[in-house]
Every structure is written in structure tokens, then in C-alpha cells.
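Protein chains in written order, with numbering that gives the first Met the number 0: chain A, 0 to 598; chain B, 0 to 598.
Hint data in this document are derived by calculation from the structure and do not stem from the laboratory.
Note that this is a predicted model, so its numbers are computed, not measured.
Any given hint might turn out to be false.
[To be verified] To list a few chain A residues with every Cβ distance to chain B over 10 Å, as calculated:
hint : residue
1    : Asn298
2    : Ile480
3    : Thr569
[Unchecked claim] Reference listing, derived: stretches of chain B covered by chain A, where coverage requires no fewer than 3 residues with Cβ under 8 Å from a Cβ of chain A:
hint : stretch
4    : 239 to 245
5    : 327 to 334
6    : 436 to 450
7    : 469 to 483
Note that CB positions come from ideal geometry on N, CA and C, so glycine has one too.
Protein chains: 2
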Amino acid sequence: MTDYNAPLTDIRFLLNEVAGLPDIARLPGCEEATPDLVDAVLDEAGKFAAGVLAPLNAVGDRESCRLEDGKVITPQGWTEAYKAFAQGGWVGLGLTPEYGGQGLPKCVATPVWEMWFSANTAFTMLPQLNTGESEAILLAASDELKATYLEKLVTGEWGGTMNLTEPQAGSDLAAIRTRAEPQADGSYRITGQKIFISYGEHEITPNIVHLVLARLPDAPPGVKGISMFLVPKYLVNADGSLGAKNDVRCVGLEHKLGIHGSPTCAMSFGENGQMGGGAAGWIVGEPNRGLEYMFIMMNEARFGVGVQGIGIGERAYQQALAFARERVQGRDAVTGAVGQPIIQHPDIKRMLLTMRARIMAMRALAFTAAGWFDIARHSPDKAAADKARRYVDLLMPVVKGWCTETCQQVCYDAIQIHGGMGFVEETGIAQHYRDARIITIYEGTTGIQANDLVGRKVLRENGATLRELIADMRADAGRLIADATLRDIGTRLNVHLDALERALEWMLSNGRERLGAVLAGAVPFLHLLGLVCGHWQLGRVAMASHAATARYAADYLRGLREVAGFFAATLAVQAPALATAIAAADAAAISSDAAFGAG
Amino acid sequence: MTDYNAPLTDIRFLLNEVAGLPDIARLPGCEEATPDLVDAVLDEAGKFAAGVLAPLNAVGDRESCRLEDGKVITPQGWTEAYKAFAQGGWVGLGLTPEYGGQGLPKCVATPVWEMWFSANTAFTMLPQLNTGESEAILLAASDELKATYLEKLVTGEWGGTMNLTEPQAGSDLAAIRTRAEPQADGSYRITGQKIFISYGEHEITPNIVHLVLARLPDAPPGVKGISMFLVPKYLVNADGSLGAKNDVRCVGLEHKLGIHGSPTCAMSFGENGQMGGGAAGWIVGEPNRGLEYMFIMMNEARFGVGVQGIGIGERAYQQALAFARERVQGRDAVTGAVGQPIIQHPDIKRMLLTMRARIMAMRALAFTAAGWFDIARHSPDKAAADKARRYVDLLMPVVKGWCTETCQQVCYDAIQIHGGMGFVEETGIAQHYRDARIITIYEGTTGIQANDLVGRKVLRENGATLRELIADMRADAGRLIADATLRDIGTRLNVHLDALERALEWMLSNGRERLGAVLAGAVPFLHLLGLVCGHWQLGRVAMASHAATARYAADYLRGLREVAGFFAATLAVQAPALATAIAAADAAAISSDAAFGAG
Numbered sequence: 000m001t002d003y004n005a006p007l008t009d010i011r012f013l014l015n016e017v018a019g020l021p022d023i024a025r026l027p028g029c030e031e032a033t034p035d036l037v038d039a040v041l042d043e044a045g046k047f048a049a050g051v052l053a054p055l056n057a058v059g060d061r062e063s064c065r066l067e068d069g070k071v072i073t074p075q076g077w078t079e080a081y082k083a084f085a086q087g088g089w090v091g092l093g094l095t096p097e098y099g100g101q102g103l104p105k106c107v108a109t110p111v112w113e114m115w116f117s118a119n120t121a122f123t124m125l126p127q128l129n130t131g132e133s134e135a136i137l138l139a140a141s142d143e144l145k146a147t148y149l150e151k152l153v154t155g156e157w158g159g160t161m162n163l164t165e166p167q168a169g170s171d172l173a174a175i176r177t178r179a180e181p182q183a184d185g186s187y188r189i190t191g192q193k194i195f196i197s198y199g200e201h202e203i204t205p206n207i208v209h210l211v212l213a214r215l216p217d218a219p220p221g222v223k224g225i226s227m228f229l230v231p232k233y234l235v236n237a238d239g240s241l242g243a244k245n246d247v248r249c250v251g252l253e254h255k256l257g258i259h260g261s262p263t264c265a266m267s268f269g270e271n272g273q274m275g276g277g278a279a280g281w282i283v284g285e286p287n288r289g290l291e292y293m294f295i296m297m298n299e300a301r302f303g304v305g306v307q308g309i310g311i312g313e314r315a316y317q318q319a320l321a322f323a324r325e326r327v328q329g330r331d332a333v334t335g336a337v338g339q340p341i342i343q344h345p346d347i348k349r350m351l352l353t354m355r356a357r358i359m360a361m362r363a364l365a366f367t368a369a370g371w372f373d374i375a376r377h378s379p380d381k382a383a384a385d386k387a388r389r390y391v392d393l394l395m396p397v398v399k400g401w402c403t404e405t406c407q408q409v410c411y412d413a414i415q416i417h418g419g420m421g422f423v424e425e426t427g428i429a430q431h432y433r434d435a436r437i438i439t440i441y442e443g444t445t446g447i448q449a450n451d452l453v454g455r456k457v458l459r460e461n462g463a464t465l466r467e468l469i470a471d472m473r474a475d476a477g478r479l480i481a482d483a484t485l486r487d488i489g490t491r492l493n494v495h496l497d498a499l500e501r502a503l504e505w506m507l508s509n510g511r512e513r514l515g516a517v518l519a520g521a522v523p524f525l526h527l528l529g530l531v532c533g534h535w536q537l538g539r540v541a542m543a544s545h546a547a548t549a550r551y552a553a554d555y556l557r558g559l560r561e562v563a564g565f566f567a568a569t570l571a572v573q574a575p576a577l578a579t580a581i582a583a584a585d586a587a588a589i590s591s592d593a594a595f596g597a598g
Numbered sequence: 000m001t002d003y004n005a006p007l008t009d010i011r012f013l014l015n016e017v018a019g020l021p022d023i024a025r026l027p028g029c030e031e032a033t034p035d036l037v038d039a040v041l042d043e044a045g046k047f048a049a050g051v052l053a054p055l056n057a058v059g060d061r062e063s064c065r066l067e068d069g070k071v072i073t074p075q076g077w078t079e080a081y082k083a084f085a086q087g088g089w090v091g092l093g094l095t096p097e098y099g100g101q102g103l104p105k106c107v108a109t110p111v112w113e114m115w116f117s118a119n120t121a122f123t124m125l126p127q128l129n130t131g132e133s134e135a136i137l138l139a140a141s142d143e144l145k146a147t148y149l150e151k152l153v154t155g156e157w158g159g160t161m162n163l164t165e166p167q168a169g170s171d172l173a174a175i176r177t178r179a180e181p182q183a184d185g186s187y188r189i190t191g192q193k194i195f196i197s198y199g200e201h202e203i204t205p206n207i208v209h210l211v212l213a214r215l216p217d218a219p220p221g222v223k224g225i226s227m228f229l230v231p232k233y234l235v236n237a238d239g240s241l242g243a244k245n246d247v248r249c250v251g252l253e254h255k256l257g258i259h260g261s262p263t264c265a266m267s268f269g270e271n272g273q274m275g276g277g278a279a280g281w282i283v284g285e286p287n288r289g290l291e292y293m294f295i296m297m298n299e300a301r302f303g304v305g306v307q308g309i310g311i312g313e314r315a316y317q318q319a320l321a322f323a324r325e326r327v328q329g330r331d332a333v334t335g336a337v338g339q340p341i342i343q344h345p346d347i348k349r350m351l352l353t354m355r356a357r358i359m360a361m362r363a364l365a366f367t368a369a370g371w372f373d374i375a376r377h378s379p380d381k382a383a384a385d386k387a388r389r390y391v392d393l394l395m396p397v398v399k400g401w402c403t404e405t406c407q408q409v410c411y412d413a414i415q416i417h418g419g420m421g422f423v424e425e426t427g428i429a430q431h432y433r434d435a436r437i438i439t440i441y442e443g444t445t446g447i448q449a450n451d452l453v454g455r456k457v458l459r460e461n462g463a464t465l466r467e468l469i470a471d472m473r474a475d476a477g478r479l480i481a482d483a484t485l486r487d488i489g490t491r492l493n494v495h496l497d498a499l500e501r502a503l504e505w506m507l508s509n510g511r512e513r514l515g516a517v518l519a520g521a522v523p524f525l526h527l528l529g530l531v532c533g534h535w536q537l538g539r540v541a542m543a544s545h546a547a548t549a550r551y552a553a554d555y556l557r558g559l560r561e562v563a564g565f566f567a568a569t570l571a572v573q574a575p576a577l578a579t580a581i582a583a584a585d586a587a588a589i590s591s592d593a594a595f596g597a598g
């Protein structure tokens, strides 16, 4: 029932026909991504995901993690699976070969990570932390720190964590209180409490490398006074062997709605006194620039959470589709025939098509965006690289915000299709619904993504990049209209682009005087842009389907066009309503507290 | 954090100013509902809900139920709370005084049940089952059965259950296999397995009265061969005392996503042999008319689940509002001020207003519909009674389907407002999200509600009642437009009614030839009608606010108008998009399986 099959046909189609992998593989630094190698990587990843990680997903949910004498016990099978994962070279798939990574382009790594998330999101958070941490260290740390820690993280020999949140500092990192005292030898002593630290403690790897945000004694207040420190669980001797235990402890585990297999730790740094006060740490980069380093990584980290949305959604979809093809219930409303599987019922079919269309739209957008990352980083054509960077910057909050929100709807429908069985944990479908609920929250809530989109990405540059993107989408709408078989998709895309432009103009003309009203419309605006981008991407998929007849089954290609048409006609169609709601959102600047009720 | 305050001001306003209680209280049979009595009932219910039931909600979630030696152990405090509940006369609040009920109008009973659901839905399912069962017995059972069982059920001395579902017969009751063998003494022997039976076994009441759907030996196949039987846990002696244990057993409990405090039992009837084969049962009404009795009750039962949506939504809203007023995080985007509670952030305010607007729209619709039940039942004006009955029949699938779906969105936002704390079970907000997930499924999924709406309530009568309702809503739109302070609400209502009419005409003109396409649009149509009805009801609320200035605080009344305007401008605005999607829903009649992917 909870089997997972890697969607390799979809992945290959989108990579090769839509996201531009053949061109990206010709960029300097991406040459290793030959068709043969990419095929082999995807095949192997699909097998490992389905064979090793997917069966452990329900185990993690059922067993959860527990804290015993300061040790965190992860679910059965976790450690063995992780060892095989690291030995397979999967941790560093997209990381630099200089420190043991495979150096594959992001657009190749992205579908691989999607498969890991489908198979087992709670498990995959562990290696995902290594990638973010490795990027931060590569970006900002001293050569000495790099030499000591980076390869261990890239290869997955040691685990990594990000220690940002404190009880009073969730979305608001300005409120961080953890302190760092400089020592005579150039190291620091870190003291404070962090919460919500994923994999903050475990026995899976022999060491854990914590990145910790903290304040120096002379730091300015607010976000400009936050520095980043590397704090290992065990100190590392000069020869690379493990030394004394650092003063870092897990003091509690959260009991969560989902991702039970991932330990969410409350961490205490330097409060046990065994190091003589403070945990030993080393500064990463320069003082007071910690948040800046975080934000440079943030685009990638948020992108990864968006991909979680695709992965969890795909898993829920596969399970719902299998159930709908098996479960016999009711009679055919049109023919009256009995003994039909429920997939024949129009409403079940509508839900499955909705799920499928949403997943393909998200996936096409994410893979295309992954390609922009690669172009931005590797293209010798400066104009192309700059444009790709602009698009990445503009759309990262959309990939994160829209894909994670859309995933919730996919998982919601997956339960609904199961009827009463969907509410019973034994079926396994509820786990996806529970697991998914965190992804619209961590790495910045949807509200924060939307503020980033509207504030930093649109208003600040007066909509320039978004206008550039709209022009590209208009051009594709024109191409769609020129093809008689895809005309409806193009015509509708223009209607939805009109709505997007209306909303954009409203935001630009109200942005300064009525910032509160504009920000009240930020989340609807993020949804609007996500829907239009999804529509656009599926339009590109539909066009690509006509060019790929030699390489894919005709049925499969026709199915892609049907899904694109369905998305345009029944989902993206919300765009005008969202534009209307955004312009009316000044109602959210309602003055009276009484609107919230008399209670 | 999880305190509950009965929203008595909202309830009184809606009952008296919108739902027409003063007129209903003048109908024959409703005279007891004097203002003083209604006030006292609401006050007492609010106290009992907040003081007794609400604190047990988290207890039930945490402890769950367990099966030990065939006995079901319910959470701590459940039995004592139930005894107090029954002694307070709350079970039979809206049931006939002839058998021990209070006989209050449905529009008074409805807000009381809303409060129970807010306080503790898992608990409240127990007495709710008594009301449904009492109605069925009153409607169809013999005088002898009534004499033996009805007062026990109406007063809550004994518990009740509904045994419909079997593993192969969920939404499809035609597939029921449980058998009933007639005996020489006029009784029957029942044999079979039922699943998903809420409160199928427990020790809270000394006896449990099961209503069981089963087939007689000579029954025709399908839904026309289903009869209804009464099967007590303990046989009842002639003097009313309890006799031998019947052959009815709970053989398993489901491990569910939510409503953990409510035991969901797999029941075995007559398979233990202790009665010599079969469980002793008595037929309710005539053979082969079981489903018909079920359906007559169904409007009321579905209405009750719609009210669960309001109740759970209100509880989640109160908790999110309290959190947003307390939690300090981030700086004011407009003024830059720090130390502000998050309710100041425009996106948090948007979510809270959205929750509040949705709850008030649902509540106004449900209370108004409850008033229609009363008018249909009690009005001596036959035309008025008939019209109320038509509206009840038309809108019950909307109250059930739309209120339960809308509740999910309310609970979703409640988690989102909590940020990371929303994902931690300790906060309690996730429980509402989990508990709520069943209500779009049981008593008929949203898809089944929508099929009922489109098939039986709209197409079958060629849209007559819906046109009548639209004309009433148009008249109110005209009244709103005539008031300069409410003009926008009225203007928008007309736009949304245009969309509803477009969708209706499309359905009527395609209903016969393309029934599959029409049914694929049934759920979007249900949402469309729900949104328009919600907009209409809040328009009525806004108008009533102007007429009620002598009785309510000016701030409160202004808040109601603001909420009405917000709903019209940012939520009901989806109506045209839904109408467009419905007309395009023939895409759901997509022929190729390939649209579901290559997997």
C-alpha cells in the first residue's frame, strides 16, 4: 500500500525536455553530467529510495525518537540506512569535488533529493543538513576549519545541524541571546539554549558539527550583531581523531505532529560546566556577519524545502492513485455499472488529476529553477548567468512558499480519496499529511516567504525582474496560441498573466503609502505568482511533448498535455480572484480589534 | 492556552437578529423558547462547555481509548463528565418532551451543540449519537421498542450507536452483508462485522443500544434490501431491568489521526455463539426500508457534522487569536517598532480575519438553516413551512460539505499562526487540525454531499429551489446596495450570484448528456454555493448590525460589518473562478489513464 516507485519517466522528461539539462551539461564545470552518468545516478537513486528508505518511513513515524541518558535513540534501521546512503556518495551529490562531493549540477541533484524526500523525509533531513552546512563553511569559514570539517560533512561521515531558533527568537532572529566569549587562543566559548534543532543529537554518526548563531560581547543589537560559530559535539584532535566531549547537550525532544523519525532537540550549549564554562566553538567568517551568511545559504535551503513539498506530494499521490485503482465502491453514475474501482467516480478522478497536475507544475518549476542555479553559477555568458540569478532570487520564495502550500492540498486530497481509511493511521496516508505540515513553517513561514517576495524581490526593484519574467511568459503564451492543439492553454495563460500584472501594478502603486495593505496581500500574491508560474511551466511541458515524440510513448505525452490543460482550466483559473482579493486586502488593515469578536 | 470561552455574544446576535429566533419562538410547539429560558440555556451550556468539557479535550487526545478483555476504557474523566451532561438534560435538549427531552427549537439547540463540539468533539460524539438514534426510533420503531428504549436514549441513561459501515461497504451501503434471521417470537438474530463504529463499546453507560443495518434472508440485492435493527448490548427484561449480555463484541479499536477520545470500534455481532447463533435484535420499522429511515435522519445528522466544523473552527480560532495577541516576534513592517505581538503583522491579521470571517459565515448559515428546520416543522403557514423544507433539503449538503471543508482551512491557519509551536503537540493546536480531518469524510464525504446537491437537489428539479434561493439573495443584494455603508458587499454579492447562475445554467444544460463532466464539477459547485451563501449571510449580518444598535456595543457591530466586507472582498471573490472551473471540468472526463503518469 505504501510502496514508492521513483517517477523516473517524469523526471527524465522534465530534466531533458523542459529544464534544459542537455545545455547545462555543456557548461564548464558541469561536463560530468553526461546522459549515461545522469541515467545511472537517477536509476540508482530510485532503487535506493524505493528499496531502502521508503520502507523505513512508517517505521520512523511509529517508533519516533527517544532521549535516554542524554542520548537520542533514532528509529530502527536509521543508522544502517544512513551508512549505506553516505557510502553511496549521496550526501555530496551536488557538492564540490574538492572536498569529496560529486559536483553534479543542481538540476541533476534536485530530482534525486526529491526521491529521498518521497521515500523518507524525516530521514533525509539528516543529510540535507550536511549540504546546507557544507555550503556555509565553504562560503565563509577559514581554511583551517575547512580542512578539519568540510570533507567529513560532504561525505556524510559526520552529521551537521543549524542552531538558529531560541524560545524568544523564532522567525525573529534579531532576538537571539546565545553568547560567545572570545578566548586567548582564538576560539570562543558559547553559552545558551537553542530549540527546534533537527538532529541536534543522535548516535548515527561519530561526530556532529553544529553551526550556532550567537552574539559576541560587543555585538551591536539586532540582526547586525549575530555571528556564526562552529561547535563540534566532540573536539577534533590535530590528527583528525576525536577528542574530548564538548559541552553540548540535548535536554529534550519535541513531541511533534509529524516527521517523528527526525529528532527535534532542545539543545544546551556550555551550561554543564565541563569545559569550565561555555562550549568550545570557532567563528565562521567574520564577526557580526552570521545572518548574512545564513541568508546567502537561504536560497538553497528554501529551495530544498520546496522540493520536500514535491517529494511528499508525489508519495501521497502514488498511494492515493493505487488505492483508487483497487478500492471498489459504489456504482458508475453514468452507466450504473457496479464493481468499478473508485477511480471511475468523476470526483475521485478530479482529485487525482488535481494532485497530478499540481505535482507536475511544482516539479517543472523546481527543476527549471534548479537549472537557473546552474546557469547562474556556471554559464560563461554573463547576461544569461545574470538573468538566471535574477530569476532564482525572485522565485525562491515562490518555490518554497507555493510548493510547500500546494503539497498540503495534495496530501489533503490523498486522505479524502481514502475515505474513512484515510483517517486510520494504519493506512499510512495520514503520515504524509502530518509530515507535510511543517514545511510551510520551517526555513521561514509562508508569510515570511511572501514578505521576502513582495518586499525584497518586487518592491525594492520596482518590479523589474518580475516584468522581465512576465515578458518571457507572454512569449510562451504566444507560442502556445500558435499551436492549435495548445491554444486554450495559451489563451488562458494570457488571462492569468493579465491578473498577475494587475496585482503587480496595484502593489507597486500602493507599496509606499500603504505598505501594511500591500503586505496583507503578500501571501495571496505569492499564490498568484505560483499558480501563473505553474501554468506557464505546464505550458512549456505541453510544447515539449510535441517535440519529444521520438523518445516517449504517445500516451504518456498526451497525458502531459491533458494535465497541462486541466491545470490551466481548473486551478490557475483562481488567478483573477487572487488579484481581486489582493487589491481588496486593505480590508486587512481593519482598525478595530472588535472585528476579531467580542470574546 | 487551550482555554475556551463560549462566544455568547455572537450566538445571541445571530439567533436573535439574523436567524429569526423571536419569530420562531412564537410558532406552536416552540413557545417554551422564551428569551429568559434561551438566555439561561446558553449561559449554562457555555459554562459547562468551558468548565467541564473543554479541559478534557486534550486529556482524550493524549490518553486515547484502549481495549482490555473486550472492555473499552475511555479517557479519565469521560464517565463523570457524561453523567453530569446527561443529568443536566443536555442530551435531549432538542428532542421530544414526550420521551424526556426538552423540546427546544433546533435553532436554540444548534449553538448549544456548537459549544459542545468546540469544547470536546470526541466526547460529544457520544450524546450526538443518542440524538440521531432517538430520531430514528421515534420515526420508525414500534410502540413497544419506543416504550422500552426511547426515554433511556433521550435522557442519555443509555448510549446509542449507528452500525452502517462494513469493510467492503463504506460509502456504498448497497454492499452490506450483515444478515438478520427472523425468529419465531418476532425477534431476529443478527450476524456480521461492522467497522468504524463510534462508541461501539464503552463502560460510560450501563447499556448501549445499537442500530444495525442488515439484510433479511429474502431481501432484494442492493440498497432496497437493507433493514434496520435494534440490538442492545444487554437484553432488557420486561420490567426494564437489564438481563443477559447479548452476543455483541468490540473486537478492535482503530488508531486514528484524531478524535482519539472517541473509541472507533470494529464490532462483531452474533459470532461468539453465546446466544446460540446471532445477536438478538428487533426490527425498526418495516423490512427493507432501513436505508430510507437512514436517509430521513440524514439531513439532521449531516447538519450536526456541519456544526462540528463550526465548533472545532471556533476553538482553533480562539487559541490562535490568543497566541497572536501574546507572542512577540519581529518588527512592525510599517513603523519599524519592535516588541509588538504578532497580531500586528499584516499577514497574521489577514489569517485571523479570514478565520473569523469564515466562522461567522458558517455560523450564520447554520443557525439560519436550523431556523428553517423549525419553520418547516412547526409553522402553521403551509407556504412558509414548505419553502423552509425546500431550503433545508437544498442546503443540507452545503452546510455539511462546505462547513466541514472550511473548518479544515481555519484549523490550517491556526497552526500556521503558531509557527514552529504549531507543529509541537504540546501547544494543543495540532489536535484541532487532526480532529477536524474526519468531518469531511464521515456521514458522507464531501464528494457524496456534492453529488447529492447536484444530482438529487438541483438537476432532479431542474434547479427550481436554487433559483428561488438566488432570487431571495438578489433581493438582499438590492437591500445592501441601497445602504451606502454596505453597497460594496451588495455589489460584490451580485457579481458572485452571476457566477452561481452561470454555473447553474451550465450544469442544467449539460446534466443529461454529460453527467460525468457535471459530476466532476460537483465539489467545486458545492464550494461555490457555500461561498455565495456565506457572503449572503454575512450581508444579512451587516444589515442586522444597523438595526441592533440599541442592543450591542457599537464596536462589536462595526466589527461585524468589517468581517462581512472582508469575506465578500477576499474570500467569496473565488466564485467566478469556481464557475469557470466547473464549466471546464469536462477535462476531468479525460479518457487516458496516462494522464495519471507513467508509473
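Evaluation of the provided hints:
1. Asn298: Consistent with the label, Asn298 (chain A) stays out of reach of chain B, its closest Cβ about 21 Å off (over 10 Å).
2. Ile480: Correct as stated: the minimum Cβ-Cβ distance to chain B is 17 Å, above 10 Å.
3. Thr569: 4 Å, violated
4. 239 to 245: Three-residue rule not met by the stretch 239 to 245 of chain B, so violated; n is 0.
5. 327 to 334: holds (count 6)
6. 436 to 450: As far as the stretch 436 to 450 of chain B goes, the hint holds, because 10 residues have Cβ atoms under 8 Å from chain A.
7. 469 to 483: violated (count 0)
The structure fails hints 3, 4 and 7 (numbered hints given earlier, in ascending order).
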